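Enquirer: Single-letter residue listing:
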Amino acid sequence: MAQTFTRPTQLKGMTQRRNGMLLNRFSQGVFVLLGLLVVYVLGRAFSQNPKVFVEQVLNGLQLGFIYALIALGYTMVYGIVKLINFAHGDVFMFGAFTSFYAVATLQLHRWPAWLFPDMAEGAVMLIGTVTVILMSMLFSATLAVVIERFAYKPLRSKPRIAALITAIGVSFFVEYFGALPFAFTNNYITYPRPFEVRVYSGGMISPTLIVGAWLLFVIFLLVLGWLTWAARHGNVQAQTWKRHPLLQFGLLFFGFMAVVLTLTGVRIMTGGRVWDLSVSNVMLVIMGASILLQVLLQYVVSHTRIGKAMRAAAYDKAVARLMGINVDGVITATFALGGGLAGAAGVLYATAFKQVHHLMGIIPGLKAFVAAVVGGIGSIPGAFVGSLIMGQTEVLAAGFISTPMRDAVAFSLLIVVLLVWPQGLFGEPPAEKV
Amino acid sequence: MRQRMKPSVTFFAVGLVIFVVIQVLLSVGLLNNYWRGIIFWGAAISMVALGLNLIYGFNGQFSLGQYGFYAIGAYTSADITYRWVRGDPSALVVVLVGALLTLAFYALLAVFLRRFYGVTVMARFTLYVLVTVLAFAIAVTVGVPLLGPLFSTVLGALPAVVSQQIVFLFALLGGASLAGIASFLFGIPVLELGSDYFGIATLGFTIIIKVLLDNTDTLLPFPEMKGARGMIGIPQWTTWPWVFGSLLLVILVMRNVLHSSVGRAIVSVREDERAAELVGIDVATTKVLAFVLGSVFAGLAGGIRAHDLAFLHPQSFNFIQSFNPLIIVVFGGLSSMTGTVVTGFFWIFLLEGVLRLYLPQGFETWRMVVYPLVLLIMMLLRPEGLFGRYEIPFLRRVLPPLPVKAEPAAESAQEVSA
Amino acid sequence: MRSRIFVMLALVVSMLALSACGGGGGTIKIAILAPLSGDVATFGQSTRDGVLLAIEEWNAKGGIDGKKIEYVVEDSQCNAEAAVSAANKVIDQDGVKFIIGEVCSSASIPVSEIATAKQVFQISPTSTNPAVTVGESGTKPTIFRACFIDPFQGKVGAKFALEKLGAKTAAVFLDQGNDYVRGLAEVFISEFEAGGGKVVVKETYTGDDSDFSAILTKVKDANPDVLYLPDYYSTVNLIAAQAKEKGITAVMLGGDGWDSADLDRTAVDGGYFTNHFSDQDTRPIVQDFVKKYSAKYGAAPDALAALAYDAANILFQGIDKAGKADPVAVAKTLETGTFEVVSGNVSYDANHNPVKAAVVLQVKGGAVNYIDTVAP
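Protein chains in written order, with my numbering: chain A, 1 to 434; chain B, 1 to 418; chain C, 1 to 376.
Derived by calculation from the structure, the hints in this document are not laboratory data. Remember, predicted model here, so these are calculated numbers, not experimental data. Where hints are given, some of them may not hold.
[Said to hold, decoys possible] Output of the computed footprint for chain A on chain C, the stretches with three or more beta carbons under 8 Å from beta carbons of chain A:
| no. | region |
| --- | --- |
| 1 | 115–128 |
| 2 | 208–220 |
| 3 | 239–246 |
For each residue, glycine too, the CB sits at the ideal point set by N, CA and C.
If we strip away everything but chain A, and leave its shape as in the complex, we get (with noise of 0.2 Å):
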């Protein structure tokens, strides 16, 4: 908590200050009261309906995914620019709509089964929407730097806020120009899935399956294990293994994977009945895809020379230009990676919800970028870690507090993380120069 603390001063005249601790442990009680009162009311859910209970915290958890996908952009961009990047919603729908022509207009997600028509639907499904996905990717990291280069970077040598006025502006423009007729339009669209729905449940999930996938986390687990029990003895190869991309994708896909199988393939029942929880291919996909792209951007960022180039640009631009770094490229780098994540979050976004329109940016993108301020701007695993939080925050809240009050609830979440920390949950405190 923040602490403001006045010395106690002695003026003349003035009566002896006392210790306004009782004062502070008051408030504190008020707090953890409320705080009490919350847990009261989740924990009475779960006891009265653990099934109902259950199945919110996964529909949490599908949401915070796709706010991950969204959010890791924005903390990207303002992690170096520091720029509340209002574009960034607009260039998440582009990417859905570019995948929307792809698939409605182009079949683009076919075109293996063009050139090799005994190829397996399997096999087709997969590499067409990783093309689609890739497609939109590069559309939208072009969109991303177009933007960056006509409107932010005029702007770099003077006030912020010039710059986050343009980014408004460049928000507007693309949203109502994308309405116009010969744009998107509009309308709501129905997005064509490039890839079928399946929803599994109950038995529809082979046992083999979730032991596979528990079996694969436990060996990863183990292989941290031995790599932390290595370096601890002075292995120093060991602790750049210890945060190979793979291991940490592995660890927290086959984690994640393990308990959402457990929890929908295994028959569980209470008082009689059957859950009959259940997940969808795409919620896996977007798990995955989120996992994956958290992690790769992890490395790059810690262990790639551009990434290396960039948190150099991020801790003070003009020490990395004397070193060297063309730190003009390293922000357009960065804003075609953030802008290729957004593309890949609006093909999973669309593919999701089964729906374009041009404002779809707004509300999405405001949502991640809070859940990565909460996070703690700036840093991957934080914007990973706020998009759960706030995708739980919304869906519990939604679900056991009240409906009306789903964003009132979720924005008060964010006022409080601050409060409590005021950098985030993994930011780190600004450099203090002096």
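Knowing the structure of chain A, use the given hints to seat chains B and C on it.
Expert: Here is chains B and C on its own, set in the frame of chain A:
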């Protein structure tokens, strides 16, 4: 250089001329309702933007919460007059008595808190919230039965025209003071955050207010506000003298505050918080002061706007709209009151006037495409805003010296000698 | 610096100078106020298209009493502030005496106040809020609407669910921020419960939501017979797709907001909705309208286009019958006459709400089929 008139004389003379000219044009009907609406709207948005300029331009706290306070002011004052014209003075009494009691309690609490050291921000916040709740509880339980009939009889004894103006004045004050109280409570903890984080938290505030307004009839006990159905039946009492008077009041208050030692403290906090603290400025209090004052302006503007539109809908206070004052302030030039006022009007003229009148038939949808383009081009051409730091002499006279920053000094020097 | 201010002043003065122009002599000028930007722009566009089609038809016939119809379109953004500005502009600046619009009640209400004060005729195609036509001091003399008000459609929906579907339990979703949705849902709930049914889940959302999993989970747990979704197709598509994927089997039920070529028919398959007309109706006016609209805009008309077309036709027939383009006279004609339009034979009650029959349609296998007609 020739001898010039005293800036204050020029200012008031020009103000009087503008007032009289527009009043005459309105009375003879040369300015029709359309232009009247645009002028009133421009004045209201200018007041909101002036408040933001105080918070952001002069005090450096990036806020997106202006529309939240604007909404509080609008709905509060509308509720007061709505109930009044239906013979129910309760809202008037609750807001006035509540606000006065809150102020008194705040003063007492501030004195009380002085006797302690090491009180955390959250503890202060909790105490202030409790005191506010107490004050309004007293106003509702004791104030209404005690003072309600009194207000009704005293104001009822006056001629209707007079009592209406008095109630309207009270309603505006009530709206402004509730906005002030809300911003005070919100500001205590949240102003501790850095500027961007503060901005995001205020954005959250705007969204929370919008959600609450959508549910005034279901979650909050105000069925007359009708939630998302929109509040109808607000008397249309706003007239040009009220609009002009409020705008003038806001400008004068802001000018005088900025030209006082408090104003210098406000500006110094923007320049360097640490240095300000070192020279003995109470940074936290200064920030809260600027924030509350700015929000009071927004609340006042809300009251004016509500009684001009005679209809309120939560959609008008959507978070997308909350960027509007920010755009105006930056557009006009940060920390330029002249720029903010002129741009406030200009912005409405552009959006509701020029783009409505001059876009050809069939291009209505282009209005919202052209607007961001204008915004973008202007920002790229003049990133420091249309007016930069320019002020008309009356507002400029005793401003603290312009900070020596990366900005080229030549331009401002030229303007001073022009 | 000073020159810039002068330029701005000059701009202002030049705009003021333009404020003196008015309407022409041999023509009738009407205004279309619709949201053409923002998240309901697509509804505004349908509305405008519907009205424009009607104008084109009348002008092709030689206008009303030989007077051609001229029009101005203004974007009122479904927002009170913009709508007031747009309404003032068309009334004072363009000298318009007849307004068709707005789509949203939140914008129609302030417009109706202005129109009443200025004795301008306004007919809103789709605003369901009673406060549009009825003010504090009774029915506003020159304000009408072309759509049902909430109670009728909600009642038809509830009756249909109880009697034809034999439903005992229902779940209702409503958008707290949307007047139309809320009105329908509230009437449905009260009628359904009055008829012996039980509303087991009543949940709200906001128009910005796209994830409905939290509230759908509650529905799944309660397992109701019908799920009432009285929103526009844009939101219904989202909810219905997610409901299907959640494994909810309740029959979905909706209002005229579903009527659109863009309704996701696989997601709401088996669902029913109440509407103003069925395109399977054999009356020539209906067939004619559907054919002409599709030919002109390349898409089947939705409910908004149909209502806008009706609103325009009611207005033009009213002017025709009254014999003069005077708002008060036209209003008098509307109060007494019956008008044959796409959504049936419309007459007006004392509150200026149309009295007309509703139809119930079913979405089945990608087609929308006529099921029933319910007279008021």
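Enquirer: Count the residues of the region 239–246 of chain C whose Cβ falls closer than 8 Å to any Cβ of chain A, and tell me whether that reaches three.
Expert: Holds: 4 residues of the region 239–246 of chain C have a Cβ under 8 Å from chain A.
Enquirer: Examine the region 208–220 of chain C: at least three residues should have C-beta closer than 8 Å to a C-beta of chain A.
Expert: Satisfied; 10 residues make the cut.
Enquirer: At least three residues with a C-beta closer than 8 Å to a C-beta of chain A: is that true for the region 115–128 of chain C?
Expert: violated (count 0)
Checked against the numbered hints given earlier, this structure breaks only hint 1.
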